[in-house]
Amino acid sequence: MSTALSVNDLHVHLGQSHILQGISFDVPTGGVTALLGRNGVGKTTTLRALMGLVPRSRGEVTLGGDDVTRLRTHAVVRRGVGYVPEDRDVFAGLTVEENLRLAERDSDPSYDLVYDLFPELRQRATQRAGTLSGGQQQMVAIARALLNRNQVLLVDEPTKGLAPLLVTEVAAALGRAAELTTVLLVEQNLPVVQRLARDVVVLDAGRVAHAGPAAELLADPDHIRRLLGVHGGSH
Amino acid sequence: MSTLVLLTITGLGLGAMYFLVASGLSLIYGLMGVLNFAHGALITVGAYTAWWFGEQLGGGFGTRLLVGGALGIVAGAIVAALIELVLIRPLYQRPVEQVLVTVGLALALGALVQGIWGADPKPILLPDWMFDTTTVLGANVPNDRFVEIGIAAAVLVGLTAFLRYTRFGLVIRAGVENRAMVTALGIDVRRAFTIVFALGGALAALAGVLSGVYFGVVDPARGTSLLIFAFIVVVIGGFGSIGGSAIAAVAVALIQQYANYYASSGTGDLAVVMLLAAVLLVRPGGLAPKVAH
Numbered sequence: 066m067s068t069a070l071s072v073n074d075l076h077v078h079l080g081q082s083h084i085l086q087g088i089s090f091d092v093p094t095g096g097v098t099a100l101l102g103r104n105g106v107g108k109t110t111t112l113r114a115l116m117g118l119v120p121r122s123r124g125e126v127t128l129g130g131d132d133v134t135r136l137r138t139h140a141v142v143r144r145g146v147g148y149v150p151e152d153r154d155v156f157a158g159l160t161v162e163e164n165l166r167l168a169e170r171d172s173d174p175s176y177d178l179v180y181d182l183f184p185e186l187r188q189r190a191t192q193r194a195g196t197l198s199g200g201q202q203q204m205v206a207i208a209r210a211l212l213n214r215n216q217v218l219l220v221d222e223p224t225k226g227l228a229p230l231l232v233t234e235v236a237a238a239l240g241r242a243a244e245l246t247t248v249l250l251v252e253q254n255l256p257v258v259q260r261l262a263r264d265v266v267v268l269d270a271g272r273v274a275h276a277g278p279a280a281e282l283l284a285d286p287d288h289i290r291r292l293l294g295v296h297g298g299s300h
Numbered sequence: 005m006s007t008l009v010l011l012t013i014t015g016l017g018l019g020a021m022y023f024l025v026a027s028g029l030s031l032i033y034g035l036m037g038v039l040n041f042a043h044g045a046l047i048t049v050g051a052y053t054a055w056w057f058g059e060q061l062g063g064g065f066g067t068r069l070l071v072g073g074a075l076g077i078v079a080g081a082i083v084a085a086l087i088e089l090v091l092i093r094p095l096y097q098r099p100v101e102q103v104l105v106t107v108g109l110a111l112a113l114g115a116l117v118q119g120i121w122g123a124d125p126k127p128i129l130l131p132d133w134m135f136d137t138t139t140v141l142g143a144n145v146p147n148d149r150f151v152e153i154g155i156a157a158a159v160l161v162g163l164t165a166f167l168r169y170t171r172f173g174l175v176i177r178a179g180v181e182n183r184a185m186v187t188a189l190g191i192d193v194r195r196a197f198t199i200v201f202a203l204g205g206a207l208a209a210l211a212g213v214l215s216g217v218y219f220g221v222v223d224p225a226r227g228t229s230l231l232i233f234a235f236i237v238v239v240i241g242g243f244g245s246i247g248g249s250a251i252a253a254v255a256v257a258l259i260q261q262y263a264n265y266y267a268s269s270g271t272g273d274l275a276v277v278m279l280l281a282a283v284l285l286v287r288p289g290g291l292a293p294k295v296a297h
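Those sequence lines, one after another, are chains A and B. Quick note on numbering: the first sequence equals residues 66 to 300 in my numbering. Quick note on numbering: the second sequence equals residues 5 to 297 in my numbering.
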C-alpha cells in the first residue's frame with residue numbers, strides 16, 4: 066500500500082517545552098488513520114506542525130513522496146493538504162458563503178459534495194458564521210476543507226462538544242470524505258474511531274507509543290486502557 | 005446657527021483627514037498586528053510630493069494640484085510597500101523591534117524633509133475657486149472643505165465596496181479575524197500584507213495632500229500631529245474597522261472643533277482625550293472591534 070503522508074523524526078519545541086520528541090509514522094493512502102492519545106500528548110501540535118503552523122525544530126515530512134518540511138503553510142495547503150482545526154476557526158464576521166468562497170482553491174470547487182453532505186449550509190449561506198451553533202460551525206469548517214481535492218485531509222477533533230445527532234452527521238461526512246481522500250483524524254470519541262479508522266497511531270508524551278490496524282487496538286480493552294486511559298468499546 | 009454650521013463642516017473636513025490616515029492604520033494593525041509609527045511620514049511624503057510637483061509643473065493651479073496629488077498618492081504607496089518589504093517583513097513576530105524601526109523611520113524621514121526643504125511651511129498652489137466660499141444655512145464655508153469631505157466619503161464607499169465585494173477584500177476581512185487560518189486555507193497572506201501596507205500608504209499620502217489643501221501649506225510636523233489623532237480615532241473606532249474609523253474620525257474632529265470654539269482654544273485636544281477615555285471604559289475594544297468592514 067502506498068504512503069500518502071510520512072512523518073520522520075519530527076520534533077517541536079514550544080517555548081521551553083519539548084512537545085514532539087521525534088515522532089515517526091506513515092499514513093497509508095486512502096481511508097482514515099486516527100491519531101490518538103491522552104490530552105496534552107501532542108496530537109493537535111502534530112497536525113499544526115504538519116501544516117507549518119508551529120515551527121518544526123527537526124524532522125522531515127513528505128507528502129506523496131515530496132519533501133514539504135520547509136514549505137510555508139499556504140504552500141503546504143496548495144500541495145493538497147486540507148485542514149479542519151480543533152476550534153473550527155470559522156471567520157465569525159463573514160457569512161457562510163464567504164467562508165466557503167475564501168477556501169476555494171480548485172477551479173471547480175466541489176459545492177455539490179459540500180451541500181449534499183451539509184444541506185443546511187445552503188440555507189444559511191447569507192448568515193454570519195459567528196451566529197451559527199457549534200455544530201453548524203463544524204460543518205462550515207469541514208466544508209471548507211472538502212471544497213478542494215486534497216491528497217490528505219487533517220481533521221482535529223471534529224466531534225468535540227457536539228450533540229450525539231451531530232456526531233453521527235459529522236462522522237458520516239468524514240466517512241464520505243475518506244472515500245475521496247486520505248484522512249488523518251485526531252479524535253477522542255472511540256466509537257467514531259471504530260466506525261471510521263482503518264489504522265491508528267497512538268501518541269504518548271510526545272512520542273509514538275503504538276501504530277497499527279485500528280481493529281487490532283480496539284479489540285483489546287486492556288491495551289486501550291493502557292495507551293489512552295479510557296475504557297474501550299463504549300458504543 | 006451659521007457658526008455651528010461652519011464649525012460642523014470645517015470639523016467634517018478635518019475628520020476627513022483623520023479618517024484617511026486612520027483607515028490605513030486600522031487595516032494595517034488589524035491584519036498584520038503592526039503599529040506603524042511611520043504612517044505620519046507617509047502623510048509628509050504625500051504632502052511634499054504634491055507640493056514639489058505643483059511647483060515644478062506648468063499649467064493651471066487645479067491641474068498642478070491634481071497631478072501633484074496623484075503623484076503624491078503613488079509615492080506614498082511605493083514608500084509604504086518598500087517599508088513593508090524591507091523593514092517590517094523581517095520583523096514579523098517581533099513587535100518591539102517593529103515599533104522601534106517605524107519610530108526611527110518616522111524621525112529619519114521627518115529630518116530628511118527638514119534637511120532638504122527646511123522647517124518652514126510651504127504654501128501649496130491651489131485653484132482660486134477653493135479660496136471662495138459657498139453659503140450654507142447662512143455660513144460662508146470655504147469650498148476646499150467640500151473637496152476634503154467629498155474625497156473622504158468616496159474613499160469610504162470605495163474601500164467598503166473593495167472589502168465587501170472583491171476576493172482580496174475577503175482575504176483582508178478574514179485576515180483581520182484570524183490570519184493563521186487564512187494561510188491554512190492556502191492563501192499567501194504576506195502578499196496581502198504588502199498590498200494593505202501600500203493601500204494604507206496611499207491613503208496617508210492622500211491625507212497629506214488634503215492637509216495641504218485644508219491648511220494651505222505643507223510642513224514637516226503635520227504628519228506627526230495628524231498621526232496622533234488618527235491613532236485615537238483607530239482606538240475609538242476599533243482596530244480593523246473602516247466604518248468604525250469613519251464614525252470615530254467625525255466624532256473626534258467635531259468634538260475638537262466645538263470644544264475649541266465654545267469652551268476655549270486648546271480644550272479641543274483635552275475633549276478628544278476625554279472621549280477616548282470614555283470609550284475605553286465603556287467599550288474597550290472600540291466601536292467595532294476586530295472586524296474589517
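It should be emphasised that the hints constitute simulated quantities derived from the structure, not laboratory data. Because the structure is a prediction, the values reported are computed rather than measured. There may be inaccurate statements among the hints.
To be verified - The following label-pair restraints were derived from C-beta to C-beta distances:
#	chain 1	residue 1	chain 2	residue 2	range
1	B	P94	A	G277	43 to 49 angstroms
2	A	P278	B	A184	31 to 37 angstroms
3	B	R93	A	R143	19 to 25 angstroms
4	A	D152	B	I259	37 to 43 angstroms
5	A	G87	B	R93	47 to 53 angstroms
6	A	R143	B	I259	45 to 51 angstroms
7	A	H78	B	V221	28 to 34 angstroms
8	B	A158	A	S89	43 to 49 angstroms
9	B	R168	A	L230	47 to 53 angstroms
10	A	Y176	B	L274	42 to 48 angstroms
11	A	N104	B	A112	50 to 56 angstroms
To be verified - Partner residues are not named here, just some residues of chain B that face chain A (Cβ under 8 angstroms, in silico):
#	residue
12	M5
13	G190
14	I232
Claimed, not checked - So, partial list: chain B residues that the calculated Cβ filter (under 10 angstroms) puts toward chain A:
#	residue
15	A178
16	D192
17	R194
18	D273
19	L284
20	L285
The C-beta atom is built at its ideal place from N, Cα and C for all residues, glycine as well.
- request: Return holds or violated for the Cβ distance of R93 of chain B and R143 of chain A against the range 19 to 25 angstroms.
  value: The hinted range 19 to 25 angstroms holds for R93 of chain B and R143 of chain A, with Cβ atoms some 21 angstroms apart.
task: Could you see if the CB distance from G87 of chain A to R93 of chain B stays within 47 to 53 angstroms?
output: violated, 32 angstroms
field: Status of the R194 of chain B interface restraint (C-beta, 10 angstroms, chain A)
entry: holds, 9 angstroms
- prompt: Quick one, is the G190 of chain B hint okay against chain A at 8 angstroms, beta carbons?
  reply: holds, 4 angstroms
message: Please check whether R168 of chain B and L230 of chain A have a Cβ separation lying inside 47 to 53 angstroms.
response: violated, 35 angstroms
Restraint satisfaction for A178 of chain B [CB to CB of chain A, less than 10 angstroms]: holds, 5 angstroms
Range hint compliance [Cβ, R143 of chain A to I259 of chain B, 45 to 51 angstroms]: About 49 angstroms separates the Cβ atoms of R143 of chain A and I259 of chain B, which means 45 to 51 angstroms holds.
message: Checking hints one by one. Is M5 of chain B an interface residue toward chain A, by the C-beta closer than 8 angstroms rule?
response: violated, 41 angstroms
- prompt: Can the suggested window of 28 to 34 angstroms be confirmed for the beta-carbon pair H78 of chain A and V221 of chain B?
  reply: violated, 56 angstroms
- prompt: In this structure, is the beta-carbon distance linking P94 of chain B and G277 of chain A contained in 43 to 49 angstroms?
  reply: holds, 45 angstroms
message: Does I232 of chain B hold up as a contact with chain A if the rule is Cβ-Cβ below 8 angstroms?
response: Because about 29 angstroms separates I232 of chain B from the closest Cβ in chain A, which is outside the 8 angstroms limit, the hint is violated.
message: Holds or violated: the 31 to 37 angstroms window for the beta-carbon distance between P278 of chain A and A184 of chain B?
response: Check passed, 34 angstroms falls within 31 to 37 angstroms.
Checked against the numbered hints above, the structure breaks hints 5, 7, 8, 9, 10, 12, 14, 18, 19, 20 and satisfies the rest.
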